[in-house]
Every structure is written in C-alpha cells, then in structure tokens.
Amino acid sequence: MDVFAQAIGFVLQWQNLAALAGGTFFGIIIGVLPGLGPSAGMALSIPLVMSWHPATALIFMGALYKSSNYGGSLTAILVNTPGDASNAATILDGYPMCQRGMGGVALGISATAALVGGTIGMICLIFAAPFFADFALEFGPAEYFLTAVLALSLIAAVVQGATIKGLIAAGLGLLLSTVGFDVIAGHLRYTFDWAPVEDGIPLIQALVGLFAVTQALVLAESAASISRLAELSGSFWEGARTYFRHPAIMVRSSLLGLFVGILPGVGQSSAGLLAWADAKRVSKHPETFGKGEPVGVLASETATNACMPGDLVCTIALGLPGSVGAAVFLGVMIIFGVVPGPLVFTNKPEVIYSLFAALFLTSFLIFIIGMTLARRLAVVTLLPNNLIVPLILVVSLLGSFAIRNEMYDVIISLAFGALGYVMLKGGFTPIPLLLGLVLGEMVETNYHRALLISGGSYSIFYASVICKVLVLLTILSLVGPYLGPFWKTLTQGEK
Amino acid sequence: MLKTLKCCAAAAAIVLVTMPVYGADYPNKPVRLIVTAAPGGGEDTEARAIAPFVEKHLKAQVVIENQPGAGGKIAFEKFQNTAPDGYSLITYTFPKSIIIEHQGKTGYKTKDFTPIFAWSRSSQILIVNGETWKTFGEFLKAAKEKPLSGGLSGRGSTTHLMGLIALDELGISKVNWVPYEGSAGSVAALAGKHLDFTMSLATSAVPLIQAGKLRPLLLFSDKRDPYISDVPIPKELGYDMKFIPTLRGVEAPPKTPADIVKILEDAFRKASQEQGFIDIAAKRKMVLEPVGSKEYAKAVADSYPFIAKFQAMLTK
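Just so you know, the protein sequences line up as chains F and S, in that order. Mapping the first sequence onto my numbering, position 423 (from 1) lands on 423, and the numbers just tick up by one. The number in my numbering is simply the position in the second sequence, starting from 1, with 495 added.
No lab work stands behind these hints, which were simulated from the structure alone. The reader is advised that the hints may include incorrect statements.
Claimed, not checked - Residues of chain S placed beyond 12 angstroms of chain F at every Cβ, according to the derived structure: (1) Asp520; (2) Tyr521; (3) Asp607; (4) Lys629; (5) Ile667; (6) Ser668; (7) Pro752; (8) Asp754; (9) Ile758; (10) Val782; (11) Glu784; (12) Gly787.
Unchecked claim - Cβ pair distances, simulated, as ranges: (13) S/Asp520 with F/Arg375: 51 to 59 angstroms; (14) F/Ile466 with S/Gly632: 29 to 37 angstroms; (15) F/Leu424 with S/Pro785: 55 to 63 angstroms; (16) F/Leu424 with S/Ile773: 53 to 61 angstroms; (17) S/Gln556 with F/His285: 53 to 61 angstroms; (18) S/Pro785 with F/Asp193: 35 to 43 angstroms.
Unchecked claim - Some chain S residues flagged as far from chain F (calculated, every beta-carbon gap over 10 angstroms): (19) Lys524; (20) Leu528; (21) Val558; (22) Lys604; (23) Leu659; (24) Asp717; (25) Arg719; (26) Tyr734; (27) Val756; (28) Phe801.
Even for Gly, the Cβ is constructed at its ideal location relative to N, Cα and C.
The following block holds chain S by itself, in its conformation from the complex (with noise of 0.2 angstroms):
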C-alpha cells in the first residue's frame, strides 16, 4: 500500500517535472502596467511604488505606462482585446470600471478581467467642519430636520454610492449633493463651511483631521482605520451597512491562464509584504490589506449587483 503510494507520488512528481507548462519560461521579457491615470496620482503613485519589489520576485522588468483618459475607460476597453500573456497587466482603484460601466456603454467588461491581486483597501469617512457637529447622533439629528449640502469627489464615484447607501440606512430623506471633481475641492469647501459634510476617502482629509479643522464623524468600514482610530464603525453605532471595497490591486486580461496567474499573485503578494514598500504605505497612510485572486474575483462579482441597485440613483 505504502509502495503503491510512493510509486503514484514518483509519477505525478514525474508529471508535474516534465509536463510541458504553459507559462513555463514565463516571464522572459518586460512585463507592462498599465496605470489608467496620469502619472502623479494615487494609482500612478502606488504602481511606481510597489513595481520595484515585483521585479524582485517576478525576476523581470515592470514597466510602467500611463494611459490616462474618460477615467480610464480607454484603458479598459483596450486592456478587454489584450493578449492574455502576462506581459500586460492593468491597475486602477476597483470598482471605478464598474461605475463606468453603469454610466453609458463601454467596450468591456470588468467582470472579464482576470484579478491577480490587491494590496490595499481604503474607506470613504463622512467629515463635517470642526466648528459644526461634535458627535455622529448631533449630525444625525440635524440631517433629518432639513436637508444638508454634502460634498462628493464626483457624481457616480464611489464616494456617491456609499452616501446613498448610507443616506438609506440612516433613514435621512434628503440631501443636497453637490458633485466635485476629485476630493480635494469637496474637502476645502467643507474646511470652508460652505457645505455641511463631505464623503470623501479617509486618506484625502487626514493633514484638516489631524489639525482639528475637519472632523471625521464615521468611517463606513467593517474595522477601524488605524491612522484615525477613534473614528467609530457604523457597527458600533448599531447600523448594519453593507460597504463597497475600494481595492488598488493588479488584473490580467480576461482569459489569462492559472499558472500565469499564480506566478503574478505570488510575485505581487511578496513584493506587498516587503519592508520597503510597508514604510511608503505608512507614510501614505494606505491600509494594507492583502486580497487573493480568488477573493478580488468575490469582489468584483459581489459589487455587480450591488452597484446595479444604486444605478438608477447615479444616473438620475
């Protein structure tokens, strides 16, 4: 019995040596990131950031380039017809290829994609001026005598979507949103009182937090954020609220095969535990929290529907 079984591991030992893998020389040229901004920006930031421990353990170049354009819409309906060889890969803050989607006709299919992984996690916090409301029940309180101007980081972003899902949770009837493009005028016309709260991504208002001229009031997350951790959860305060994951992560194009993904994943799951790259997320204040293959893959199959709901909200 015991023979039987050293003579199967012996074969499929022998198998697995000899079979003739498919990425098995993979990867033996540059391989290329695409970031779906300019460079500068967060997602450009955080790809320079961590290509080089990839090339470390990927053992190949990474290359990265930029294709800034309609919010990366470009971007993705090229990366749908890329070959799917593992010298192409794509990163951008997952789920904005949804939303797009949800917003008029695109070339592709986020749900197509093939995830490989993700290194970091962000949450939207709602802010209100440090001279206003003091607690969350105040804020509350004061929501549902009248409607409150709130500022967004844009219409249809993800700031949006996780204020309309709270606005139902809460049971606040009505609020005046007032879109902007990207958060740093959203959060300055609060630090202005010209609006009564902002929904805007934890990282975007930490310098106004920590000097006291914002106050963040709830973080919509499953756990605190460590960098503002007296910030409460909506659990603590009795809500139960689903949230969006916003993922910086690394997808493949659609159909690219298992052992290419493996490699990929290990290479980026090493390079995100690297010391180096810990110390510039800290000084960025990005929560890093590894997100396997598998699970982007729930991510993205999750979010479909939930963001589907809110569709005819966006839209509006």
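Excised from the complex, chain F in its bound form (with noise of 0.2 angstroms):
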C-alpha cells in the first residue's frame, strides 16, 4: 500500500493533473464523435505523448481511454447516436428520458455510474488483478460458451410481453452473427463476393444505423423538438440521487460488468446490454424499461464503466488485450518500456500503481465534467427537429465513414437504419437482435472449438466446476420467471 501512497503523490505532480486533465477532455471528445472510439483516439495521440515521461504518457491514455466510454454516453442520451458500440444499451432508456424532458436527469445518471462503476472495477483491479487473471484462464472454449448461452438467455427476459416478435428479432441477429468469414471453417459465408461485410457485419456501423438514422427519421415525421414537453425538467442532482436509491442494481451492474470485462473476447459492447437485461429481468415493473427508465440508464452505464478496469486486469497482468482498445492500451504501454505480464507488478510497480490512482482520479474528474456540463448540454434536446435531423444524420454518417474511411460503411448504415425503422413500425424492439449480433459469434466459435478440444465428446461442457455452475444458472435464468408464480399458487393453495 506504500508503493499506492507514492504513485498517489506522483499523480498530484502539475504536469501528471495536466496529463490526467488533458486525456479526460480529449477522451469525452473522442467518445461524442461516433466511429472514433477509445482504439483510434490513443493510436492518434501516440505522436504527441512519444517525448513524455512514461508514467505521465500512461496517464494520459489511461484517463483518455476510461473517459472515451463517458462521452459515448452523451451523444447516447441526447441525441440517440452511440458514441461507441458500448453505449448501445444506454440509449433504450436514455434518449426516452431525454424525450420526457428528463436528459439532466440521466446525464446525472451517467456521470454518477461513471463514478460508481469505475470506483468499483478500480478497487477490484487494485486489489486483485493478479487474481481476477488467473480466474480468467479458468475460462475454456466450453466454459465461453455456456457464459454465451447463459447471457442468451436473457433474451427471454428483453422480450417479454412481445415474445414472438422479440424472437424473431433475436433469431435475425443471431443469423446475421454468421455473416463473414467462419473462423472455425476458413470460410466466407453470406458474404455475396462484398469484401465490407466479409470481417462479418460492422457493429458500429450497424448500431448507427439502427438508433442514430432510425432515430432521425423518426424526428423527421414531426416538426417538434426531441423533448416533447419542450421544456427541462430535473436536474443533475436528481439523477445523481436517484442513482443511489438503487444500490442492489449498482452493485449487480457493477460486478457484472466486472465479469464481462475480465473475461477477454466478450467485450464492452455487450457489458452493458446484459446489465440492462438483467435489471429489466429482476425489476417489478418491467414494463416501464426502454420507456425512459432511470434504472435502465444506470444498469447500462455501471456495467460499462466497470468493465473498462475488467478489461485491464488481463491486460496488465497476463499481457493479453480482451477487446480492440485494451490492445491500443497494451501497445502504448510496450512502447513506453513498460511490458505487461505477471511481472509488471514487481518490475514497474510504481508506474502501474501512478496508472491505477490516475484512473481512479479520472472517475471523479469524469463526474465533476459532468455536474458542469449537463444542464448546458441537455438543451440539445430543446432544438427544433429541422435543425437536429440534418446534424445527427451529418455527424453520425461521417462517424461510420470515418472508421474505414469508405463509403460503404455509410451504406451500411444507412441500410440497417432503414431496417430499424421498418422494426420501430412493426412494433419490434432492437434489443434481442443486437443480443443475437453481438453474441452470436461468442456462441458458435466457442462451441466448434471445445468439441474440437475434446475429440467431439459433450461431456466437455459439463466437466469443470465451472461449466455446472453455469448450466445451473442458466437454467435458473429460463425457468425462473414460471418458478415464482408457480411457488405462489402452491403455497396459497395449502392455505
């Protein structure tokens, strides 16, 4: 705890704040613009850190990595437009919060869970890297699985009171998971000779699509203004208090996000979508979820902001990347000398730790940014239609061309928002199809590759202690929504 005493004073020096300042700044920045994500704003700040201190350089890209996701959630609220695939879940209850008047409300919400979320991933990456890392490698292809299929599972619980369409919606994502090249295989399926979809269908392109044209189109029948009651009601703090009247929900979102993140290859775009999922399915009125829900807002980003430190646990203590940012993070680092890997801790304790206590620091910065800018930003939502139509068409389309600089991202976009618009009209939700999309691969490599393991024997996906744990619980997931009623009327009928 000494060596966390010192890095703490090494982070107060002025030009390690101006670092922490500037990367947090730079980080929401990166995460409003949609398509430049976490991965493109380090790689593009590498020339200007090259001549800093190392510690101070990781400072820089750690704040500005944790703060990108922040940002993300901005754009997410106000205007229905994902700074990046994690805040995809962000905008189900976020934007219907914005539409009633309440964006300060769930700006609040988010800068509070940017500080809950990432204060407790924090502490768990403090404390217990080294042994989250050694709980990730107990995760084989068949233990990946079963995690894919448990949170699959929660599509029972998004699509409840519509189950046909939310399947329908669900077994579409699933299918259009299988497009692009077969990892298993070797080949390219469902591609049609079209070398943009053959790494399999964009997910940011494609959520552009489905929120932030939908979206647009949708505003484009009405010449109001995104907040229908075209006024501001509730403010920063309301959202900041609201968020601590849920502790179970934080706590739950929190370490699954945790979870989500420490395991590598699941990634954030799909922490917060299982959070909401998961709140959604143990709330008492579900129903009110994706209709400007708080607590859908805070499930979403805890999970998220928690996952970021999740995802640095493998990073740092094994040097294995979980997702495309953490790999930008690893090369960074490696390139200030400092090698991730069970021994960074005893060979560069004191960068490591001066990383640690900047990103815990960027948490609160994140939620200090917040309180100022909430109010000033939530007036977006008060613009006219015929002014904000044209910007989040504008800024969102240039995000999807920005990530290959092609056109055909922008059609891509374009094509997914025309098929969120038909869903909106047809009464389907999103959700179960970006569930299938995001976890659809998860599920099918992972499967090919534990019967490959194992010679084509199934007792594989039972074998671990693991495995079991997870085929009870998601039994528990599909079956307990009848067990309770079913409780119920047994105990009743012996009154």
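Put the two chains together into one complex, using the hints given.
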C-alpha cells in the first residue's frame, strides 16, 4: 500500500494532473464523436505523448481510454446516437428520458455511474488483478460457450410482453452474426463477394444505423423537438440522487460489468446490454424499461464503466488484451517500456500504481465535468427537429465513414437505418437483435472449439465446476420467471 | 587509352546528370503509407514508429492511412490499381496477402506489387504450458502417442501454415487444431491449460514466457531469437525444415519505376538504422533485419509454390 500512496503523490504533480485532465477532456470528445472510439483516439495521440515521461504518457492514455465511454453516453442519451458500441444499451432508456424532458437527470445518472462503476471496477483491479487474471484463465472454450448461452437466456427477459416479435428479432441477430469469415472452417459465409462484410457485420456501423438513422427518420416525421414537452425538468443532482436509491442494481451491474470485462473477448459492447437486460429481469415493473426508466440507464452505464477496469485485468496482469481498445493500450504500454505481464507488478510497480491512481481520479474528474456540463448539454434536446435531424445524420454518418474511410460503411448504416425504421413501425425492439449479433459468434466459435479440443465428446460442457455452475444459472434464468408464480399458487393452495 | 576512358567517364557523367530522370523531382508532395489494419495493431504501430524517420530521409511528409477490412483484402484490391508514382505505399505483415489469395477470389496479386524494403522479421514458436512438458523431446513423444490440441491464431494464418509444415517434418500424424481470432485467445487458452500447445508469433507470448507460465519449446527459424535466446531451433535438433518468412515492410503499386524504388528503398533503409527506431524496436522485441527490394521480391516468389503446397490443407 506504501507504493500506492507514493503513486498518488506522483499523480498529484502538476504535469501529471495536466495529463490527466487533458486525457479526460480528449477522451470525452473522442467518445462524443461517433465512429471514433478509444482505440483510434489512443493511436492518434501516440506522437503527441512520445517525448513525455512514460508514467505521464500512460496517465494521459489511461484517462483518455476511461473517459471516452462517458463521452459516448452523452450522445447516446441526448441524440440517440451511440458514441461507441459500449453505449448501445444506454440509448434504450436514456433517450426516452430526454423525450420526457429529463435529459439532465439521465446525464446525472450516467456521470454518477462513471464514478461508482469506475471506482468499484478500479478497486477490484488494484487489489485483485492477479487473482482475477487467474480466474479468467480458468475459462476455456466450453466455459465461454456456456457464458454466452447464459447471456442469450437474458433475451427471454427482454422479450417479455412481445415474445414472438422478440424472438424473431433475436433470430435475425443470430443470423446476421454468421455473416463473414467463419473462424473455425475458414470459409466466407453470406458475403455475396462483397468485401466490406467479410469481417462480419460491422457493429458500430450497424448501431449507427439502428439508432441514429432510425431516430432521424422518426424525428423527421414531426416538426417538434426531441424533448416532447419542449422544456427541461429535473436536474443533474436529481439524477445523482436517483442513482443511489438503487444500491442493489448498482452492485449487480458493477459486478456483471467487471465479470464481462475480465473475460478476454467478451467485450464492453455486451456489458451494458447484459446489465440492462438483467436489471429489467429483476425489476418489479419491467414494462417501464425502454420507455425512459432511469434504472435502465443506471444499469447499462454502471456496467460499461466497471467493464473497462475489468478489461485491463488480463491486459496488464497477463499481457493478453481482451478488446481492441485494450490491445491498443497494451501497445502503448510496450512503446513506453512497460511490458505488461505477470512480472509487471514487481518490475514496474511505480508506473502501474500511478496509472491505477490516475484512473481512480479520472472517475471523479468525469463526475465533475458531467456536473458542470449536464444542464448546458441537455438544451440540445430543445432544438427544433429541422435543425437536429440534419445534425444527427451528418455527424453519425460521418462517424460511420471515418472508421474505414469508405463509402460502403455509410451504405451499411443506411441499410440498418431502414431496417430499424421498419422494425420500429412493426413494433419490434432492436435489443434482441443486438444481443444476437453481439453474442452469436461467441456461442458458435466456442462451441466448435470445445468440441475440437474434446475430440467430439459433449462431456466437456459439464466437466469443470465453472461449467456446472453456468449450466445451473442458465436453467434458473430460463425457469425462474415461471417458478415464482408456481411457488405462489403452491403456498396459497396450502392456506 | 587512359584519355579515352576519362572521356567516356565524363560523357557518362554528363549523360547521368542531364538525363531527364523520371523521378527527378520525386518526392515533391506527401507520401501516403497505407496500413491494412485499424489503428493500434502491430502493423499500425510499426508504421507509425518508422514514419518520422522515413520523413527525415525522404524529405517528404509521410501520411499514415488506415484501410482495415477483410484482413487487408480491401486495401490490397484498391492498391493493385493505384498509380505507381511513388506517392502511395502499403505496409502489412507478409505473407498474409498471399494467404488471402489462396482462400478465395481476389482482385489482386501480391507478386504484381513492387517490393521496396522490409525492416523486421518474426518467427513462430511452439509453446506449451509451464506445468507440462519440459523439453521438445517429451512433447514430441506425447504428440505421437495421441492427438494433442493445438491453438492457432487463425485458420489459414501463418501460424496454421507453420503448424502444418512442422507436423509434416516432425512425423506427427494428427493434431486437433483449434483456431482463434488473433493470438491473445489461443495464448490465454494455453495458459489456462485448455489446450496442449499453441503456435504463435514469438512476440505475442513473451510476458507469460518470462513469468514462467508458458514454456517455448521450439523456434521455427534459421537462427535463435535474441529475446528468447535459450529456445532451440529445428536445425539444432536435427530437423531440416523450411520456414515462412514473416516480414514487416513496405511495397509500392505494380510497375513502379526503378528509380523511385531506389529512392524509397534508401530512405526506408536509412530510417530503419536510426537509433530512435532501433530503441522502439527493442522495446517491442522486434527482430530487426533489413531485407532489400530484390531479396523481398525473392521472398514473395518463393512463398507462392510453398503456400500453394499447403493450400489444400488450408481450405479443407
């Protein structure tokens, strides 16, 4: 702990505080711009920080990486455009809250979530990174497969009320996840010789279409503004207070986000979605989710913010990055002579702990920035539609274009925009589709990998203790909703 | 006699000086360096590391342009028809472009591209979990007894090719290959003992090797890697194995004039010898090895029949 006290002292030096603040600001801006995620932001900043002290440079990069997610939540809430794939679930309730004039409250929740989720995640990273890294290694293909199946079982909760339409959307999502290069067999599937989808349906482009483009179409139908009341109600502090009224969801979502982050390859994009679906499942009034339920924003943002430190666990403790962002961060660390791996805690403790201390402080800085900006930014939702619609379209499609500098990504976004519009008019929700799209490949490839390892024997799916626990949880998740009423009738019958 | 020689030399000098050289004023505008992957990966980082030093010697700005998508195929297809004026260059991990050609229809041919210079070479290693086999001999005995599961960084990747070649040479009849997307997944699965061994680029596993969690048993190369110098190579164990050279370098579009190639090759060669670049390379544990234009072209020509030989196995 002595090292940690020293690290905090180091971070509080003026140049490091400046790097921290600079990284946080830049990260928020990168996050706000759709299409530019933390990985691009970090890669573009490398020349800037090249001549700095390694620890200072890593503080800048860490702050950038951490705060970009918050930037993404701003556009997700205010204009229904996810800054990055990780903010997809924030849209679901954040944007409807804006429509009710509660944009400031939603922004308060997301800033508080950055503080709380980030802090819980960081505490786990600081105290138990090697332990969590060893835990992550216990997960082989069979365990990954079962984790993905457990995650898919949440679709059952999401589609409650419109089961058939929900399952159709989930099926479509799973089907779309098969497009592209089949990792196991080495074949291209359903690409029709169109190279842009050979890597699979690009997630951010699809998200921009499903949410931003669809929303622009919907807004263009009327001449009002996003906030239907044409006025703002509720403040940032109301959001912060609302947040702490739900401690159970807060802890649940933090742990879920952390868990998803720790497993390499599951990724931030699913953390928010899974936490949202989980919160809906345990809620007493699930029907309010997706219609501006503050708890939805709370769950999604808490999980994504706790996910990022989780993602760093394997990156730092094993040298194995779990996501694209983490891979870039790993590259940056190596350039500055800090080689991540099990030995980094003994070889370079001062750099690692100053990075941790900086990430810890970033959470607070995000909260303060959010507090000052929320009210001013929420005014966007009062702009008339004929101003905001072109703005949403230009910014989001530019974001799509910027990912690969190619026009076809704009075409993909527009196609998903049309799909989203049709789905919306037909009463379908895009969430099951997203869950299918995000989890489909994880289910399929790990199923095949497990069977390749076991030589075709299905016993691998219940061999380990983790497998057994996961199978049990999946069964509970599917049967649970029916068990409650059954139990009730049983006990009432006895009376 | 001497006089005639002098006259000839003078005449030659005049011709050389006054001859309208195609690339005489080259370069007079920024040069585009296309990276076939998203920002942040190994290819991108190396391109961004060498670019400032190339700028210094080329006396022109070098602009990095990322063109990710379909493992680089999209970038390669566009590059095939790019004007050979020396203002567009491409960098990628050779031979991934040739492997893509063998996996399906492509609108480009790697052998058409004009090789300029490659600065680094990397080799594959065979790694096992630190708690299992201690030596290559023990591993080989186990592999011949029953099929082991082996991790790959992708079906049809260079690790896959090298694995197939090694199997052939070592006399192992069957391996259950388990493809991953990139090396992080296959290395993690090995560290968790879900796999018996993994084929990977040496650089991907160094931290876990240094910590003793993983053990490298064989380096597929002609000479030992200075960063893991205690790992034996096949030659020392009595095997005569061919290797796929994995090069990081730069190429120009098809039919680029020789004088432009010369200017670029010199600039890249000098850049790769700059101390600043050597320092970055050492941190990234890159094995620097200059490969000139002609040598690079030979590596491309040699790789075609070699990769074609294993094509059937790759697409199976």
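Against the structure, the hints:
no.	hint	verdict
1	Asp520	28 angstroms, holds
2	Tyr521	25 angstroms, holds
3	Asp607	18 angstroms, holds
4	Lys629	20 angstroms, holds
5	Ile667	16 angstroms, holds
6	Ser668	14 angstroms, holds
7	Pro752	27 angstroms, holds
8	Asp754	30 angstroms, holds
9	Ile758	24 angstroms, holds
10	Val782	15 angstroms, holds
11	Glu784	20 angstroms, holds
12	Gly787	27 angstroms, holds
13	S/Asp520 with F/Arg375: 51 to 59 angstroms	58 angstroms, holds
14	F/Ile466 with S/Gly632: 29 to 37 angstroms	34 angstroms, holds
15	F/Leu424 with S/Pro785: 55 to 63 angstroms	58 angstroms, holds
16	F/Leu424 with S/Ile773: 53 to 61 angstroms	57 angstroms, holds
17	S/Gln556 with F/His285: 53 to 61 angstroms	60 angstroms, holds
18	S/Pro785 with F/Asp193: 35 to 43 angstroms	39 angstroms, holds
19	Lys524	19 angstroms, holds
20	Leu528	14 angstroms, holds
21	Val558	12 angstroms, holds
22	Lys604	16 angstroms, holds
23	Leu659	13 angstroms, holds
24	Asp717	26 angstroms, holds
25	Arg719	20 angstroms, holds
26	Tyr734	27 angstroms, holds
27	Val756	26 angstroms, holds
28	Phe801	19 angstroms, holds
In this structure, every one of the numbered hints holds.
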